[in-house]
Structure formats: C-alpha cells, structure tokens
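My request is simple: use the sequences and hints to build the entire structure.
Protein sequence lines, in the order shown, are assigned to chains L and X.
Reading the first sequence from the start, the letters are residues 1 to 249 in our numbering.
Reading the second sequence from the start, the letters are residues 1 to 319 in our numbering.
Everything hinted at is true.
Derived DMTMM-like pairs (lysine to aspartate or glutamate); straight-line CA-CA distance at most 25 Å:
#1 X:K219 x L:E216
#2 X:K137 x L:D195
#3 X:K219 x L:D195
#4 X:K201 x L:E199
#5 X:K137 x L:E86
#6 X:K219 x L:E66
#7 X:K137 x L:E92
#8 X:K219 x L:D69
#9 X:K219 x L:D20
#10 X:K201 x X:E305
#11 X:K137 x L:E203
#12 X:K219 x L:E199
#13 X:K137 x X:E205
#14 X:K137 x L:E199
Bear in mind the hints are in silico, worked out from the structure with no lab data behind them.
Keep in mind the model is a prediction, meaning the values are calculated, not measured.
One letter stands for each residue in the lines below.
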Amino acid sequence: MTSLPRDPGPKKLGLVIDLDICVGCHACAVNCKEWNSGGHMAPLTDRDPYGANPSGVWFNRVHSFEAGDGPASRTLHFPRSCLHCEQPACVEVCPTGASYKRAEDGIVLVNEDICIGCKLCSWACPYGAREYDEDAGVMKKCTLCIDRIYNENLGEIDRVPACVSTCPVGARYFGDLGDPESAVSLLVAERGGYDLMPELGYEPVNKYLPPRPRQETAGCTGAKAELDAPENGAIANPLLRWVDRILSR
Amino acid sequence: MHPALSVIVFTVISGAGYGLLFLLGIGAATGWLAADRWFGVTAFGLVFGAVTLGLLSSTMHLGHPERAWRALSQWRSSWLSREGIAAIVTFLPAGIFALAWIAGEPAYGAIGFFGMLSAVWAAITVYCTAMIYASLKPVQRWNNGYVVPCYLLLGLMTGAVWLDALLFLFGTGGLWAAALAALILSIAWLTKLAYWHFIDKSRSESSAETATGLGHLGKVRLLDAPNTEENYLQREMGFRVARKHALKLRLIATLLAFLLPLMLTVLAGAALTGDLGWLSALLTILAALATTAGVLIERWLFFAEAKHTVMLYYGAGRA
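Shown next, in the form of structure tokens:
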C-alpha cells in the first residue's frame with residue numbers, strides 16, 4: 001500500500017552524518033555497494049565497469065562542495081543517500097504499491113517483485129535517493145541495511161548499516177531519531193543537526209551535523225602570544241645560566 | 001528532465017483522443033453533432049486508436065511492462081494509478097457511446113447520456129495525467145497552477161482541431177465548428193504563454209544552499225561530483241536545453257500548434273462561406289497535422305525545460 005502508514009510507531013530509524021568529520025574517502029559508498037551486491041539483495045548494476053561508459057546503481061554517493069569565500073570558506077564532503085523521510089512522496093506516487101514505508105521503524109523500501117520500473121518515485125524524490133537498475137528493471141534505494149540491523153546471524157556489533165560500520169573516521173551514526181533520549185537524538189540536539197531542503201516538507205529523518213566553526217585566532221588555544229621573559233635567577237642550573245647569559249648578549 | 005519519447009507521445013496523442021471524445025460527447029448530448037454513421041466510425045476509430053496507441057506507448061518506458069496491471073492498485077495515493085483506472089473506466093461509456101452512435105440511435109437519449117459520461121471521464125483522465133506532474137514538488141516548473149489547465153486545454157484544442165478536420169472532411173462542418181476551434185486555440189495559446197512567462201520569471205525556493213544546509217557559510221558550489229561518468233540521476237533529471245534553443249523551439253511550437261492552425265481554421269471558415277467545401281477540408285486537415293506536431297514540440301519542451309532539485313547536488317545553483 002503506498003499510502004503512508006496510518007499509525008506509525010514512535011521508532012524512526014535513520015542516520016546522522018557529521019559533515020565536520022567526513023573526509024570524503026568514499027568508504028561508506030564502497031561498502032554499501034559491496035554489501036548490496038554480495039549480501040541479501042540482488043546485485044547492483046555495474047555496466048561497462050572497465051570500459052568507456054561505466055554506469056551503475058549506488059545507494060550512497062559522496063559529493064564534495066565548497067562553501068563560502070576567503071578564509072571562512074570550507075571544503076566539505078557530503079555523503080547523500082535516502083533520508084527515510086516521514087512524508088515520503090516517493091511512497092505516495094508509486095502506482096503499484098512497491099514503494100512503502102514501514103510503520104514499525106519508518107524505513108522506506110522498494111518491493112522489487114512488484115516494482116514496474118516507471119521511475120516516478122525517482123522524480124518524486126528531491127534528494128535523488130532512488131536509482132533505476134537497468135538490468136533488473138526496477139528501482140533501488142538505500143534499505144538502511146534492514147538485512148543487517150535485525151540479522152541475528154551477525155554479531156551484535158555488526159548489526160548497523162554497512163556504511164556506519166565502515167566509516168574510518170566515525171562520521172556516521174545510526175539510531176532511533178524518534179527517541180529523544182537516544183544517542184543520535186542527543187547528538188543532533190547538541191550539534192544542531194538539520195534537515196536537507198526543509199522547505200519542501202518531506203520531513204527527512206536522517207540529519208546532517210554542520211561543520212563546527214573554525215578556530216581562526218591563536219588565542220583560542222589558550223597559548224600566550226609571546227613567551228614571558230625569564231626572571232633573574234630563575235634558572236637553577238648554573239651551566240644553563242651561563243649559556244643563557246652568553247646567548248643573551 | 002529527460003524527455004522520454006514514449007511519455008511525450010502518450011500525453012499528446014491520448015490527450016488529443018480524449019479531447020475529441022469530450023467534444024463528441026458534448027456535441028451528442030447537446031445535439032450540436034448529428035449522429036452520421038460513417039462520421040462516427042472514423043471519429044471513434046480516431047479516438048480509440050489515439051488513446052490506445054498512447055496508452056501502449058506509455059508502457060514502453062517501463063522496466064517491467066508485464067506487471068503494468070499492478071499500477072491500478074494504488075488509486076488511494078497515486079495519481080499515476082488514478083490515471084490508469086480513469087483511462088480504463090473511460091473506455092466503458094466511450095464504447096457504448098460509439099456503438100450507439102454507429103448503430104444510429106437518436107441524438108438524445110442513449111447517445112446523449114453516454115456521450116456526457118464519456119466527456120466527463122475523458123476530462124478526468126487528462127486531469128489525472130496532468131496531476132502526475134503537477135504534484136511533484138521537486139520540479140518547481142511543474143508544481144504550479146498552470147500545468148493542469150495547460151494539459152486540459154491542449155488536449156481539448158488538439159481534439160477540436162481534429163474534430164474540425166473530420167467535420168469538414170465529411171462535409172458536415174459549419175462556421176460554428178471553425179469558430180469553436182478558433183476560440184479554444186486562442187484560449188489554449190494564451191494559457192501556454194502564461195505558463196512560459198511564469199517559468200521564466202519564477203524561482204524555486206530550493207537552492208544548493210538549502211539542499212546542503214551549508215548556506216550559512218556562504219555560496220555553495222560543487223567541487224567534486226560523486227562519479228566521473230553520468231549516472232541515472234543525471235541522465236534522467238539533468239537534461240538541459242540551452243535557453244536559445246528553447247526559445248527557438250517555443251517559437252516553432254507556437255507557430256505549429258497555435259498560429260498556423262488558427263489561421264488555417266479561420267481560412268477554412270472563409271472557404272466554407274465561399275462554397276469551397278473541399279478547400280475547408282484540406283485546410284482543416286493541415287491544421288490538425290500542424291497542431292499535433294506543434295503540441296509534440298510543446299510537450300518535449302515541457303519536459304526539457306523542467307529542472308529537478310536533485311541537480312542542486314550536481315552543480316546547479318537553483319532548481
């Protein structure tokens with residue numbers, strides 16, 4: 001049913017991405033691609049991978065942006081994947097019911113057995129979360145690693161999305177953003193995590209943490225701008241006192 | 001947005017078919033149109049041919065056309081689903097209407113009732129088609145109040161010009177038919193001009209700054225795309241037509257879809273008063289061909305000039 005769940009539960013699973021820390025290594029994108037090609041899902045398309053026109057489906061893509069000018073400008077790396085919105089138009093436009101949002105945890109998924117590949121959901125998503133798989137003829141998107149997070153065959157520590165487990169700098173977090181006391185919710189509150197394109201009203205669940213302000217003056221570290229001059233007799237060692245006198249001439 | 005030929009053909013040809021059906025329905029219900037048998041065979045042949053061709057064409061862009069029947073299930077939420085159902089429902093009264101007309105029932109009664117029903121459902125179907133696009137928030141050039149009137153009026157317009165061609169071909173055309181087509185052509189033209197003016201002047205609320213949330217740092221620009229080659233999103237949503245090409249195409253579309261058919265229709269009316277029925281038929285057929293070609297170009301532009309917010313992540317400043 002592509003209407004949104006009538007009685008959604010309080011659980012809103014999602015990701016928090018720290019733009020202050022992300023170094024743009026693309027490890028999350030690669031691991032996502034690997035897991036979704038080798039795990040439970042059908043392989044993601046990789047057409048002509050070594051040829052002139054490689055093309056394929058990725059659930060997570062890492063962009064790099066520059067913001068601002070001059071000394072205040074920043075270079076930021078920006079992983080973009082499905083935000084598992086609370087008002088996902090991609091779910092509502094689907095004519096077959098293949099696109100749906102789970103009531104129990106808010107994850108938005110595609111049922112690949114009934115998807116007809118009309119691509120309307122990818123038009124309805126402002127964030128580009130959905131891509132068409134030419135080989136399978138269906139739409140595919142980030143599943144929030146639903147085949148990992150509840151998977152009892154994996155150790156508890158591995159029951160997080162592949163991108164979160166692999167980030168070498170810890171820029172990605174996973175948790176319940178519907179629980180104000182959860183670690184991710186507290187993090188979002190503390191750092192001022194925000195929605196992308198809030199003006200469109202999709203109410204994304206994933207949050208992005210803004211880069212922390214730069215420290216631009218030396219005084220911020222607590223170090224003094226100049227060293228104090230040594231006091232007379234302050235040097236205990238006589239040899240060093242002599243060296244100091246010689247060098248101070 | 002990538003202008004998919006199958007979708008363009010579908011909306012234009014089906015739209016014309018539904019427009020023609022609408023006018024046949026109203027014409028039968030009000031008694032404007034006489035239920036001439038061979039006229040009916042040709043007209044309904046055109047209606048069903050156009051609508052069916054259009055609907056089949058639209059299934060060609062699907063990844064799994066064999067599952068297309070599933071697209072009728074989500075009418076509670078999806079305009080695409082609603083359009084599918086409306087299209088199928090329209091076939092029912094339209095079929096009875098066509099049979100009644102061809103069988104030679106009087107103009108009032110059965111033909112009138114099923115004519116009205118067909119007209120209503122034809123309009124509903126085109127409305128649903130237009131809403132598929134108008135409901136998409138990420139495409140600001142579609143998500144406005146001009147799209148539905150444009151779709152309805154352009155469908156009606158192409159249907160009216162086709163109707164005129166049929167009427168004059170069968171020798172039952174009158175000045176009122178030419179006047180009606182001319183009126184609809186003019187209104188549709190003005191509406192399309194208003195739409196083009198709107199998309200030229202309006203700006204989307206969304207920008208690279210709102211898309212990344214980094215506007216507080218200053219202007220946001222793409223440094224590195226996530227991929228070196230084009231991906232699906234760029235192919236599907238990143239299609240751009242250069243402004244000067246778009247303007248040229250708008251001019252061609254205006255000439256073919258509106259101006260030329262308008263002139264030809266007026267001339268056809270004049271030829272009729274001059275007792276040159278064969279000339280009226282020729283002119284209105286030319287008008288029908290011109291307007292169809294023109295609306296195909298207009299529809300191509302409707303897709304090509306549309307911008308999608310996902311391109312804000314790929315270097316567009318505004319969408």
